[in-house]
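**Q** Chains as they are written, first to last, in numbering that gives the first Met the number 0: chain A, 0 to 459; chain B, 0 to 459.
No wet-lab data here; the hints were simulated from the structure. All values derive from a computational prediction rather than experimental measurement. Mixed in with the good hints, there may be bad ones.
Chain A is faced by these chain B residues, among others (derived, beta-carbon under 7 Å) [as the list claims (entries may be wrong)]: (1) 179; (2) 345; (3) 409; (4) 437.
Where is the CB? At the ideal position from N, CA and C, for every residue including glycine.
2 protein chains.
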Amino acid sequence: MNSQLPAPLQQQMAELLGDGWLSDDAARRQYGQDNSRRYALADAVALPRNIEQVQAIVRACRQHRVAIVARGSGTSSTGAAIPYQGGIVLSFERMTRIVALAAADRYAIVEAGLINAQLQQAAGEHGLFWAPDPASADVSTIGGNLACNAGGPRAVKYGTSRDNVLGLTAVTGSGEVIRCGSLTSKDATGYDLTHLLVGSEGTLALIVEATLKLLPVAPHRASLRALFVDVGSAAAAVARLMAQPVPPSMLEFMDRACIRLAREVGGADIADAGALLMVEVDGDQATLAHSLQAVSQAVRGDGLLSLETAPDEASREQLWAARRQLSPALRTIANGKINEDVVVPVSRIPALVAGVEALAAEFDLPIVAFGHAGNGNLHVNILFDPEDAAQTARAQAALPRLFALTLSLHGTLSGEHGIGVAKREFMADAFSAATLDSMRAIKQALDPDGILNPGKVLPA
Amino acid sequence: MNSQLPAPLQQQMAELLGDGWLSDDAARRQYGQDNSRRYALADAVALPRNIEQVQAIVRACRQHRVAIVARGSGTSSTGAAIPYQGGIVLSFERMTRIVALAAADRYAIVEAGLINAQLQQAAGEHGLFWAPDPASADVSTIGGNLACNAGGPRAVKYGTSRDNVLGLTAVTGSGEVIRCGSLTSKDATGYDLTHLLVGSEGTLALIVEATLKLLPVAPHRASLRALFVDVGSAAAAVARLMAQPVPPSMLEFMDRACIRLAREVGGADIADAGALLMVEVDGDQATLAHSLQAVSQAVRGDGLLSLETAPDEASREQLWAARRQLSPALRTIANGKINEDVVVPVSRIPALVAGVEALAAEFDLPIVAFGHAGNGNLHVNILFDPEDAAQTARAQAALPRLFALTLSLHGTLSGEHGIGVAKREFMADAFSAATLDSMRAIKQALDPDGILNPGKVLPA
């Protein structure tokens, strides 16, 4: 790969993109970082306005063997958007149109740079929404959400990005425009390139436009908060909740350490306990009380300490405060945070949390676990002071142990953040050599010169 | 590709498989047909008992350049299981184990040859089910369901095969065992080979084992039957149904011709009408009445002729009789049937049905449309007498026009049957040359010698 841009490429790009071609130092630095706090210097930044420009950029970069790193809003926590091999950062910030919003057919066609929240607003005017609700929804783009298969708390009922995309228009690493999938919710026509590209983090093709499945908004919601004596009894309640026919619209977990932090640092009005579950149901006014009763019933069992319900929006806010106060509390006690998103089968949540507690003791660092219990998708946060070299080293040493623990419980490395550079070397622990070879063969098939986001996802 | 089996291969297979290696004429003929009424002679039939044998077969066939056609129960209606290039038919009929059924974690790991209905029975003992319910469920295999992305009526609420698989073990055309996906309902770890293999009809890899997502059974269901003055008003009701937050568990459509056939030939107690909708909701006793009311409300609108509800199982059976009487009625009036499964956006259902009526008039054949309206997935049946050469020719001439009509309405060729040989030449109308080239590149990546189910899915 060329480490500096050839002059003919620079000239061609400047002519093609006009003020959408940035090669000044400030831009190169600005677009060289993401939310992982990683950094590398891009050679230049391209801001295309349409698919023809995207295709022209890819074709030119292929000709000159220059890397292209696709970028949404740079909210990746895995370094997926960092241009480690230089080349061009291609930001979709000028491609933000809602091309079509077909309410009767419940789909939207949008450009990759559209912000998630802006889609939700437009869909909401028709009583519809797009399921993925990552914490970054106010700033992250649809293209970025798709690239890393973003989820969020309501995925437990409505699914992740991959579950809510019908079709894609993309430019492959060979510079071809492909249109895969359909406008419809059933499709058995040919190879499913759509779901393959979702979660591939810009390494196979650049997602330029997406057809998204929209769902009807449930107008009302109710919540409950349950405290348990230990994680085992909370996990058993999760299994009961997921085995009855009223699907929770959110099912969030906090471990003992998180509960304590929310109270002692965040100021939440909550008792000490071994584990907490927040459960939400949504629906219409006529059935909401019943749904709340159904999930309350499922929550009851051995080890339940307390159960509070919030049948309406006002009481809901109060109940969710402890969960919301957690993130600021985490920031208060530590400047440094490794925020993982491992997944295990629900029945293995107790073993995961016990293992995390053991790692916290062994490495003498606060390590907390919370998140999307219905999917077994827990955010394990390793907290440390980045100015303290010893703490930093211990945090970094704890991370491979967390992944080994997760895999030993038949879990997987990432539920909604993706792999990026942060986890790529652990891919060899998660998959067999033959499986990785198949992934590499697919990479080779769609990006024969390896110009798309090199050094990401697949291990060296 | 070798058109006859080399002697060393035959010897190796006989030693490997013992009585699981069939090369007599009866077996070769029996395994050379499927439910598409197509036929070709296999060179031999392999009945492996485990993944090691599957891998050994693939490796040997690759070495000798011999085709392998994977087979479940042969219920394909597209000729996907026909060994047109000879070679080995690999039937999974001896691999029918339920390897694991984890009720608390709501997944099952099963071998590819397990019959759909047997999985449902085993899962049902835990109050769980696997969503896909193709009409062939009593005989078709999980591997076959996955290979063609089978759906069925309840896909409107619960999704198709692709939506309900978590992971796969498969043998690629290069003879490697790959294990992709996970045990969990969220997964952002590497390339999504799982969903790529689903619907690839045995052309990329042989699915040997699958991890399936199980869902909690809703214990009760209620139905309604609505007659409409025309298809337009029925389609508007479908759009209203899909835009409100109580998802129908089934949402079936019959056109005017189907209603007439069900009454006049099938003996159903049903009035003449322009269109019929059958709507089912499921849930628990406490909310079912409300759900039925919610969908009844959504059904009401311009053009509604009558609305009958069935709040319990006994009345349900009576109401669904007209739908059940349709298939025997179709068989009664015509021995020959081209049964397609095109999909269009819901708003285009009226245009599709109008176009089908025009084709029926133009080609002077009964052509009827019914099926899964909530997904826009209609079974268009072209009826003819196969002993009448002129009728047969007209039926075959009508088919490309149906696909052209579907694509002109921004629909797709198949919702749940797949492509096989029946629709492969129409793939070039459905996808751009560049998109097909990407599919071919992926085929080349996973099956470099083209030994897996050659001549299927992708056009020549």
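**Q** Could you run down the list of hints and mark each one as holding or not?
**A** Verification of the supplied hints:
A hinted interface residue such as residue 179 (chain B) counts as satisfied when its beta carbon comes closer than 7 Å to some beta carbon of chain A; here the least separation is about 6 Å, so the hint holds. This hint holds: residue 345 (chain B) has a C-beta 5 Å from the nearest C-beta of chain A, less than the 7 Å allowed. Against a cut-off of 7 Å between C-beta atoms, the interface hint on residue 409 (chain B) holds, since the closest Cβ of chain A lies about 5 Å away. A distance limit of 7 Å between C-beta atoms decides the matter here; for residue 437 (chain B) the minimum to chain A is near 5 Å, and the interface restraint holds.
Against the hints set out earlier in the document, no violation occurs for any number.
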